[in-house]
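Number of protein chains: 2
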Amino acid sequence: MASAKTVYIGIIGAGGVGKCFINQLAQLAVRRPAPKLVLCYIATSKKSLYHADYKPIDIASSVHELTTASVGAPPALPELVKYLSSVPAGAKSILIDNTSSQDVAESYPLFLRKGVSVITANKKAFSDSYQLWQDIFSAAAESGAKVYHESSCGAGLPVISTINELVATGDEVTRIEGVFSGTMSFLFNSFAPTEGSGGKWSAEVKKAKELGYTEPDPRDDLNGLDVARKLTILARLAGLKVESPTSFPVESLIPKELESVASGDEFLEKLPEFDAQMEEVKTTAEKEGKVVRFVGSIDVPAGKVKVGLEKFDRSHPIAALKGSDNIISFYTKRYGSNPLIIQGAGAGGEVTAMGVTGDLLKVLSQI
Amino acid sequence: MASAKTVYIGIIGAGGVGKCFINQLAQLAVRRPAPKLVLCYIATSKKSLYHADYKPIDIASSVHELTTASVGAPPALPELVKYLSSVPAGAKSILIDNTSSQDVAESYPLFLRKGVSVITANKKAFSDSYQLWQDIFSAAAESGAKVYHESSCGAGLPVISTINELVATGDEVTRIEGVFSGTMSFLFNSFAPTEGSGGKWSAEVKKAKELGYTEPDPRDDLNGLDVARKLTILARLAGLKVESPTSFPVESLIPKELESVASGDEFLEKLPEFDAQMEEVKTTAEKEGKVVRFVGSIDVPAGKVKVGLEKFDRSHPIAALKGSDNIISFYTKRYGSNPLIIQGAGAGGEVTAMGVTGDLLKVLSQI
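Chain order of the listed sequences is A and B.
Per full-length UniProt numbering, residue 1 is the first one in the first sequence, and the count goes up by one each step.
Per full-length UniProt numbering, residue 1 is the first one in the second sequence, and the count goes up by one each step.
Chain A with its partners taken away, still in its complex shape (with noise of 0.2 Å):
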């Protein structure tokens, strides 16, 4: 095989993820000599670090240097993909996506289509308009250039690699259910555990915001749109059309009084008021000697994809989960009745950036 001797690789995002993917990528180099890896351009959305003759930057000092030297805005998307697409002949190069900018995410296309292979994090691309998801992968079919998006569902757990094998394999994927969001499932398993009584909704609400387990404004895990766009990814591979995260049933968790009020404060503030509802749905689960859960399903052959709460025996894997873990389980026409299930921590820094680095070691593989 005529592999690239030398990748040169871009980066965009050096925030919780991205940073973690530096330091895994900077070991990466080391460990592993060939093919090369020359890290010539990273940006967060403000400041951008690169060399018009393709200098390599010091990937270890990378994001210190990004930060503190006087360097200067990034580029338009359109100039960066004619950068990562002009390297030295003979060379390859890849764009690492470790924000979860919409803007970045459309511009997708534009990177395969001249050869710039794309690994990302980013769940925008994936589950946003069918359009862009198509353009996407048309794009990359067209020019060769290799897609990986491992960390858009499960941050490093192996869930899109499995969904893909399995329908590359020739296996008929018939239902996926399962917890997708670390958030809820923090706050289910603390809210009605299989074991206890569990507390009040608005106090696991506010005591998973102060463990750093939500988005600044919890809103943003409650409406549900997180869990939405996880499922729009999985029912695609699973060769549904789902045209949008907002075209099918997902369940809000706000209550409508709380849609518009100012802020996450304020949210928190007025959510006892309404623990009456949430302690009735566990109430109601618990008569049946179940448990509430948030989760989300993919029925292929009916093409119904929800978001949503429902109950489950004690004894059931979704209902067992433990802290913020996720669940993912596939019910295949080999697999049968006993659907394979993966299972394991679905966010966090590291394990999302490992899904990063995984795919790198996929994409060198192959360019």
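What the hints contain is simulated information worked out from the structure, not anything from laboratory work.
None of the values given here were measured: they were computed from a predicted structure.
You may find that some hints are simply not true.
Same chains, same label: a pair holds when it works inside one copy or across any pair of copies.
Stated by the list, open to error - Simulated crosslink set (DSSO-like; lysine-lysine; CA at most 27 Å straight-line):
1. K362 <-> K146
2. K322 <-> K206
3. K207 <-> K333
4. K209 <-> K311
5. K19 <-> K333
6. K114 <-> K146
7. K209 <-> K333
8. K206 <-> K256
9. K82 <-> K19
10. K270 <-> K82
11. K304 <-> K46
12. K114 <-> K5
13. K241 <-> K36
14. K55 <-> K322
15. K322 <-> K290
16. K82 <-> K333
Assemble chain B onto chain A, guided by the hints.
Just chain B now, with coordinates in the frame of chain A:
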């Protein structure tokens, strides 16, 4: 990338897994036009079908032709190495081993050294002497040929790919534990269920045999060697130099007195005399509110591997397993206290063949 335009495939084994794989391969060849897949060799231990000029064998009818046509015995393995490594210029070749043959396993270094990639469901090569393990991977590293063996542990479950990715991305695997045998899973889920009291040990073994969950002689499952082989593979991938599957403690469930009885039938006939021993094991666990399971575990920092009976809380995922499912938990530095868990059918023709087909897709994307 200068990919191979044609890939020649040689298959050894046309039993349960082999037949399922050939069906999957036939469908794959239709779905994916490139690279062109040419089946040029198929053999059992008794018969072989191939043409000196590499004329394609029709995949879908190959097993039928092999079993009905008047064809010769397979060539000696060094001859097969020569045949598969002499495919037309520009093409690549892959050996697919769907047997459990020790001889075939021992010949992998010969194939790999000559640039023939190896894909296999055969545990033997990776769980035999550490010398063979080293020979296999050094031969592959030398020539650039690929070696994949997903189905050597947990059938098509993404077990091998997951541990390889954890290690390759720089995570530290600290502990692996689980139920690695479908037979043992079925036996203990029936003998010591989390709810109810279960049957007598000898009756459960008999039932498992009648349902086809055991080898013809159930002692081949009960001696623990199958589990020990899988643990050997995982321990080595985690970085331990395990000499062989008999170089660590493996608990056999065959009563000493029945080790040398002549047949599996005689074994089953006399097994009830030893029911009291297993009943005591079950009762002891029950007194602690636990259930007993046959598990394997690897403590990486301590360098310890063991296989045998252990007690688990009824709410533990290992206790809650269903049917003949496998469960494998990876404890790592990045995943912290909650492991990454993979669960599902770990045996069966279709899912084992799927692991082989998945490996084939990986190799095709790289050669």
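Hint check results:
Proximity of K362 and K146 under a CA criterion of 27 Å is satisfied in both settings, with 9 Å inside one chain copy and 14 Å between copies. Within a single copy, K322 and K206 get their C-alpha atoms as close as 19 Å, which meets the 27 Å cut-off; across copies the closest is 37 Å, which misses it. For the homomeric pair K207 and K333, the shortest alpha-carbon distance between copies (26 Å) is at most 27 Å, but the shortest distance inside one copy (42 Å) is not. For the identical chains of this complex, K209 and K311 are intra-copy neighbours only, at 24 Å inside a copy versus 37 Å across copies, given an alpha-carbon limit of 27 Å.
For a Cα distance limit of 27 Å, the shortest separation of K19 from K333 across copies, 17 Å, qualifies, whereas the shortest one inside one copy, 40 Å, does not. Taking the closest pair of Cα atoms, K114 and K146 come within 27 Å of each other only inside a single copy of the chain (11 Å); across copies the shortest separation is 29 Å, beyond that limit. Proximity of K209 to K333 under the C-alpha cut-off of 27 Å is restricted to the inter-copy arrangement: shortest distance 25 Å between copies versus 41 Å within a copy. Within a single copy, K206 and K256 get their C-alpha atoms as close as 19 Å, which meets the 27 Å cut-off; across copies the closest is 60 Å, which misses it.
Proximity of K82 and K19 under a CA criterion of 27 Å is satisfied intra-copy only: 25 Å inside one chain copy versus 50 Å between copies. For the homomeric pair K270 and K82, neither the shortest alpha-carbon distance inside one copy (50 Å) nor that between copies (77 Å) is at most 27 Å. In this homomeric assembly, K304 and K46 never come within 27 Å of each other (Cα to Cα): the closest approach is 41 Å inside a single copy and 50 Å across copies. Proximity of K114 and K5 under a CA criterion of 27 Å is satisfied in both settings, with 19 Å inside one chain copy and 23 Å between copies.
In this assembly of identical chains, K241 and K36 lie within 27 Å of each other by CA distance neither inside one copy nor across copies; the values are 39 Å within and 29 Å between. Taking CA atoms no more than 27 Å apart as the test, K55 paired with K322 passes in neither setting, with 47 Å inside one copy and 56 Å between copies. With identical chains, the CA atoms of K322 and K290 are at most 27 Å apart both within one copy (16 Å) and between copies (19 Å). In this homomeric assembly, K82 and K333 never come within 27 Å of each other (Cα to Cα): the closest approach is 45 Å inside a single copy and 39 Å across copies.
Taken one by one, the earlier hints fail for this structure at numbers 10, 11, 13, 14 and 16, listed in ascending order.
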